[in-house]
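J.: Single-letter residue listing:
There are 2 protein chains.
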Amino acid sequence: MKNNFSFVEKTVQIGESAPSPLFGLGEKNINFGKYFVGQSYLKPLNAEGVGIFNVTFEPKCRNFWHIHRGGGQILLCTDGEGFYQEWGKPARRLHPGDVVYIAPDVKHWHGAADVWFTHIAMEVPAQNSATEWCEPVTDLEYEKLFK
Amino acid sequence: MKNNFSFVEKTVQIGESAPSPLFGLGEKNINFGKYFVGQSYLKPLNAEGVGIFNVTFEPKCRNFWHIHRGGGQILLCTDGEGFYQEWGKPARRLHPGDVVYIAPDVKHWHGAADVWFTHIAMEVPAQNSATEWCEPVTDLEYEKLFK
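Those protein sequences? They're chains B and G, same order as listed. Counted from 1, the first sequence has number 69 at position 10 by the working numbering; the numbering is strictly sequential. Counted from 1, the second sequence has number 101 at position 42 by the working numbering; the numbering is strictly sequential.
Please keep in mind that the hints were generated in silico from the structure rather than gathered at the bench. Be aware that a few hints might be false.
Identical chains blur together in the list; that is why a pair holds if it fits in one copy or across any two.
What the hints assert, rightly or not - Listed below are the simulated DSBU-like cross-link pairs for lysine-lysine, each with C-alpha atoms no more than 35 Å apart in a straight line:
no., residue 1, residue 2
1, K166, K148
2, K87, K102
3, K166, K93
4, K166, K102
5, K148, K119
6, K102, K119
7, K119, K166
8, K203, K93
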C-alpha cells in the first residue's frame with residue numbers, strides 16, 4: 060500500500076507566529092483546504108503500510124464535520140491545544156499526549172482551540188476507505204466551546 | 060482487529076531519573092523484557108485497527124536484533140536520543156521528530172543512546188504477522204556506536 064504523495068518538502072511562507080511542531084509543519088494544506096475553516100498545514104510522515112500525516116491548525120482552525128468510511132483514523136496530539144467532537148456529543152479538549160480513536164461511520168470534526176494545535180493522523184488501512192465531508196462547524200457552534 | 064491487552068495503567072516503581080515522555084511511560088516491559096538489554100517500558104496507546112505502543116528505553120537499553128514478518132513497523136521518535144540499525148548497515152541516530160519505516164523481513168534493532176529514549180511504535184496490520192527474535196546487540200557492537 061502506498062499513498063500518492065511526494066516526500067519533497069517545499070519552503071512555505073508562513074506568519075512569524077507559526078510554530079515548530081514536534082514532527083514538523085509541512086506545507087499549507089491546499090488539497091483539503093476547502094474542507095477547513097482557517098489555515099491548516101500538512102506534512103506526510105509515512106506512506107508505506109499506514110498513511111501517517113502531521114496536521115497543524117492555526118488558532119481557531121478546524122475541519123468540517125466528516126465521516127471516515129471503511130477504516131477509521133487515530134489522532135496522536137503533540138503540540139498546542141485542540142478539540143475533537145462527535146455528532147451529538149460534547150467536544151473533548153485535546154492536549155499533547157492525548158490519543159483519539161475515531162471509528163468508521165462516526166460523524167466528527169477536529170481542530171484547534173484558540174491557540175495552534177498539531178496532531179498526527181493515522182489512517183486505519185481498509186479496502187475502499189473514503190472520507191465523506193459534511194457541513195462546516197459554524198462560528199456559532201465553535202464559539203460556544205469557549206463559554 | 061483488537062490486540063489482547065489491558066488499558067489499565069499500574070503504578071510502577073521507577074528511578075527518580077525516569078522521564079515523562081510525551082505519550083507517557085506506562086509499565087515495565089515484562090513480557091518482552093527477555094528480548095531487551097536493559098530496562099524498557101511499554102504503554103499501549105491504541106488497540107483498534109492499528110496497534111500503537113509507546114516504548115521507552117533507559118540509557119543504553121536496546122532490543123535484540125529482530126525481524127517483522129508479514130507487516131512492518133513504523134517508529135515515531137518523541138523524546139531523548141536513540142539508534143536504529145539494519146543488519147549490515149551503519150546505525151542511524153534518532154531524535155524527536157524522526158520517523159523510521161521498517162519493512163517486513165528486515166533484520167534490525169532499535170534502542171536508546173546513552174540517554175533515555177522514547178518512540179511510538181505502530182504495527183502495520185497484516186495477516187499472520189509475527190516478530191522473529193534473534194541474537195542480542197552485544198556490548199562490543201553497541202559501544203562502537205559511540206566511538
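J.: Give a verdict on every hint.
T.: Verification of the supplied hints:
1. In this assembly of identical chains, the alpha carbons of K166 and K148 lie at most 35 Å apart only when taken from the same copy (10 Å versus 46 Å across copies).
2. Taking the closest pair of Cα atoms, K87 and K102 come within 35 Å of each other both inside a single copy (9 Å) and across two copies (33 Å).
3. Proximity of K166 and K93 under a CA criterion of 35 Å is satisfied intra-copy only: 18 Å inside one chain copy versus 43 Å between copies.
4. In this assembly of identical chains, K166 and K102 lie within 35 Å of each other by CA distance both inside one copy and across copies; the values are 24 Å within and 28 Å between.
5. In this assembly of identical chains, K148 and K119 lie within 35 Å of each other by CA distance solely inside one copy; the values are 20 Å within and 46 Å between copies.
6. Proximity of K102 to K119 under the C-alpha cut-off of 35 Å is found in both arrangements, the shortest distances being 19 Å within a copy and 31 Å between copies.
7. Within a single copy, K119 and K166 get their C-alpha atoms as close as 20 Å, which meets the 35 Å cut-off; across copies the closest is 45 Å, which misses it.
8. Taking the closest pair of Cα atoms, K203 and K93 come within 35 Å of each other only inside a single copy of the chain (23 Å); across copies the shortest separation is 52 Å, beyond that limit.
Of the numbered hints given earlier, the model fails none.
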